[in-house]
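The primary structure of each chain is shown beneath.
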Amino acid sequence: MSSTYLGLPSFPVAAAESTRDEQLRANLRHATHTIRAKRATAISELTDWPELRAAGAAIKDHTLAHLDHYLLQLEAAVTAAGGTVHWAVDADDANRIVAGLVKATGETEVVKVKSMATQEIGLNEALAAEGIHAYETDLAELIVQLGDDRPSHILVPAIHKNRHQIRDIFSRQMAAWGRPAPDNLTDTPADLAEAARLHLREKFLRAKVAISGANFMIAETGTLVVLESEGNGRMCLTLPETLISVVGIEKLIPTWQDLEVFLQTLPRSSTAERMNPYTTTWTGTTDGDGPTDFHLVLLDNGRTDTLADSLGRQALRCIRCSACLNVCPVYERAGGHAYGSPYPGPIGAILTPQLRGTTTELDASLPYASTLCGACYDVCPVAIDIPDILVHLRERITEQRRGHALERAVMKAATWVLDHPSAYALARQTATRTRHLHPTELPAPTPAKAWSNARDLPRFPGRSFRTWWKDRPAGEAPHGRPAREDTTR
Amino acid sequence: MTAADKASAAGSSREQVLGRIRAAIGDAPAGEVPRLDPALRTYRDTHVPDDPAVVLDLLAENLADYRAGVHRCTPEDLAATIARLLAERGARAAVTPPGLPRPWLGAIAGTEVIDDDGTLTAQRLDAVDSVITGCALAVAETGTVVLDAGPDQGRRVLSLVPDHHICVVHAPEQVVSSLPRALPRLDPRRPMTWISGPSATSDIELDRVEGVHGPRTLDVILVSSPPRSG
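Order-wise, the sequence lines are chains A and B.
Under full-length UniProt numbering, the residue at position 479 of the first sequence is numbered 479, and the numbers go up by one with no gaps.
Under full-length UniProt numbering, the residue at position 137 of the second sequence is numbered 137, and the numbers go up by one with no gaps.
By construction, these hints were calculated from the structure, which means they are not laboratory data.
These figures come from a predicted structure and were not determined experimentally.
Built from N, CA and C at the ideal position, the CB exists for glycine as well.
Incorrect hints may appear among the rest.
DEER-style ranges, computed between Cβ atoms [said to hold, decoys possible]:
no.	chain 1	residue 1	chain 2	residue 2	range
1	B	T121	A	D168	47 to 53 Å
2	B	R92	A	D92	30 to 36 Å
3	A	P9	B	P98	56 to 62 Å
4	A	Q400	B	S12	50 to 56 Å
5	A	H164	B	R72	38 to 44 Å
6	B	S225	A	A40	38 to 44 Å
7	B	T121	A	P9	47 to 53 Å
8	A	L72	B	R185	27 to 33 Å
9	A	A26	B	R72	15 to 21 Å
10	A	H133	B	R92	31 to 37 Å
11	B	E15	A	T47	45 to 51 Å
12	A	R172	B	R92	33 to 39 Å
13	B	R92	A	T19	25 to 31 Å
14	A	E395	B	S12	32 to 38 Å
All chains, please: the whole structure from these sequences, using the hints.
Here you go:
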C-alpha cells in the first residue's frame, strides 16, 4: 500500500480529532444529505431495483468464483485487439511496470483519469520519485492535488472542501502548476468548473501519455469501460498516444450484455443520475482513433487474500459507487481522512483491512468504525452485507490478538463458571441477593470503566427466570400477567 | 534488465496471481466453462410501453432534463434545423465526419464546414466551434446517445474538443427504450462514447453543474416522419 498512508493514527484517534472540526462536519452534512434525497428519487424510477441489485451481486459472485478463467479470457481478448497485458502482484510491482512504460515513451508528464486503484498503490508518488509528473484531471482530484491534500470520498475526493475553500485553493495554487486561475475568481461552482477547464485544457492538448483505471473490464471482448461526468476521462482516453490502465482484477464481468445491469445501478447509486454524462468503452487499439499503444496492468495487491475469505470476498463485488459513504452516520461525522485509506466509509472499513491485513493499529481499528446500523447494506447496489463482514473481521481481529489482560481474566472466569452448573447457580443466587449493592457504573480507575462511560450496568431482577419457572403456579407468566396473550386488542 | 529477464519477471507475477486465485477459489471445478445461470436475470427488459411515440417522447424528456437542447423535425427539415442551430450559435467553423450525409449540410450559410480527413489535430479542433454527427443509437430511459465511431460519427476526438455538439438521431429506427435493448445492437469492438447531456460535474458539494471539459452545449435533433393522416 502507498507510503502516503503509513503511520497514520487509528480510527478512534483520528476521528476524535476530525469530529471536532465544525467546518468539516457542516460540509459533509450538506453534501451527503443533498445526494441521499436525490439518490432515493433516481432509484424509485426503477421498479425492478431489487432484481437489478440481486443480478449485479450474482454476476460479480459468478465472475469471482471463476476469476482465473475470466482473467485469461480477458488477457487473450485484449492482446488480440492490439493491447499489452501486464500482471502486478502488489503496489511496488504495478508502480514499477507503469514507471517503466512511461519512461519507454521518453515523456516526463502524464495526465490521469481519476482512479481508485492508482490512489491505492500510490502511483503519483512513485512516478514523482522517477522524475515523472502526474497531473490529476478530475475536478475533485485536481482540488486535492493542488491543495496538497488527501482524498476523503470515493466519488468526490474533495467532498470535505466547500466552494469558498476550493476558490481559495485555485487562486493560490493554480499558477504553480500551469495556467493561473482567472483574477477575481468567484466561488460559484460554474466559475470554478470554468477555471478548471482552462487550467487543464493546455495539459490535455499536449499530453502524450495518459493513465486511467476502469469501472469494468469485459472478459469476453477485452473491452474496458470508464464512466465519468466531466469529459476529462474522454480527453485522457482519446487524445494521448499511449494509454496505461491500472485495474484491480475484481473489476471483471463476463460479457458485454452484463453491462445492462451495472449501467443501470452504478450512475443512480453514485451521482443519483439516470446516466452519467460520458461513458467511454474501448477494446485494445483502433487504427486512426485514439491511442496507438495500450497497456493494461492487472492489479492484485491483496485482492486474492480477500478472495480467499469466503465471507469477506463479497467486498470484491464493490463497484465504487460510494452510496454507503453517503448514508453512513459514522462517515458523515468523522469524515474520510479518519479511515487512513483511499477507501473510506463502510466499504473502506471492510475493504482496507482485507487488502492491507490487520497488523497495524489503524487497520485493526477500521472494522470497529461502525454502529452496525445497516444503512450501508440497504443502499449497496451489489448487496454487499457490510455489517456482517464487519462483525466477521472483528472476530478475526479478536482472535489474532491476545486481548486485554483484564478482559482475558474475566472471560476465563466466565468460561469456568458457565462450564460448572453448581458454580453458576451459586453465582446467580449471590448476584440476585446482593442486587441492591451493585454499582451502576464500573469502578474507576480500571480500564473496564470505559465500557460504562456510555452505558449503565444492567440491573438484576428480584428473582431469576429459573427460580420463577421452578416456583410458578400453573398459568402464571413473569410479573404476574396471565400466560395467555391478551387477544382482545 | 534484458528483454528475456523482463519476460520472465512478468511471467512470474502472472503465475503468482493466477496461483493465488486458484488457491483462494479452490472449490471451482477445473476445465469447466463457466456460464452464469440466465434465471438470475429477473429484472425487466424495459420500463416503457412498446409504443415508438411514447419512447421518443421519453427520450426527448430525459435529454432535456440533463440540459441537452432537444429539437424535433422531419427529414425534410433536417438541413434547415442544422443550419439554424449553427447560426444561432454564431459558429464560424464546424467539423464533420467524412461519412456524414452531405444533404444534411445543404442549408448552412456563414459557417465554414471542415471535413475531417483524419489528420486534424486536437489543437486544430480546439479552434473549431461546432461538430455535427449522427449516432449509432439512442436510449430513451437514460436520455443517452451512443456514438460508435461509425462513418457519420467519425473519430472520438471530433465530438470531444469542439465546445458545441449537434447530434442527429433518426426515430424510430435508432431509438431503443432501455439499456437491455441497447447493448445487443452495439459492437463492443468499436470504440464508443455514450453521451447523456453536456459535460457536467458533481464535485463541488455533490451538486451537479453543467460544463467542464467536454462540449458544454449538446443539441440533439430527433428526426421523425409525421404520422400519416387519413
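Do the hints match the structure? See the list:
no.: 1; hint: B:T121 x A:D168: 47 to 53 Å; in the structure: 36 Å, violated
no.: 2; hint: B:R92 x A:D92: 30 to 36 Å; in the structure: 52 Å, violated
no.: 3; hint: A:P9 x B:P98: 56 to 62 Å; in the structure: 60 Å, holds
no.: 4; hint: A:Q400 x B:S12: 50 to 56 Å; in the structure: 30 Å, violated
no.: 5; hint: A:H164 x B:R72: 38 to 44 Å; in the structure: 43 Å, holds
no.: 6; hint: B:S225 x A:A40: 38 to 44 Å; in the structure: 40 Å, holds
no.: 7; hint: B:T121 x A:P9: 47 to 53 Å; in the structure: 50 Å, holds
no.: 8; hint: A:L72 x B:R185: 27 to 33 Å; in the structure: 29 Å, holds
no.: 9; hint: A:A26 x B:R72: 15 to 21 Å; in the structure: 45 Å, violated
no.: 10; hint: A:H133 x B:R92: 31 to 37 Å; in the structure: 35 Å, holds
no.: 11; hint: B:E15 x A:T47: 45 to 51 Å; in the structure: 47 Å, holds
no.: 12; hint: A:R172 x B:R92: 33 to 39 Å; in the structure: 36 Å, holds
no.: 13; hint: B:R92 x A:T19: 25 to 31 Å; in the structure: 55 Å, violated
no.: 14; hint: A:E395 x B:S12: 32 to 38 Å; in the structure: 35 Å, holds
Violated hints for the displayed structure, listed by number in ascending order: 1, 2, 4, 9, 13.
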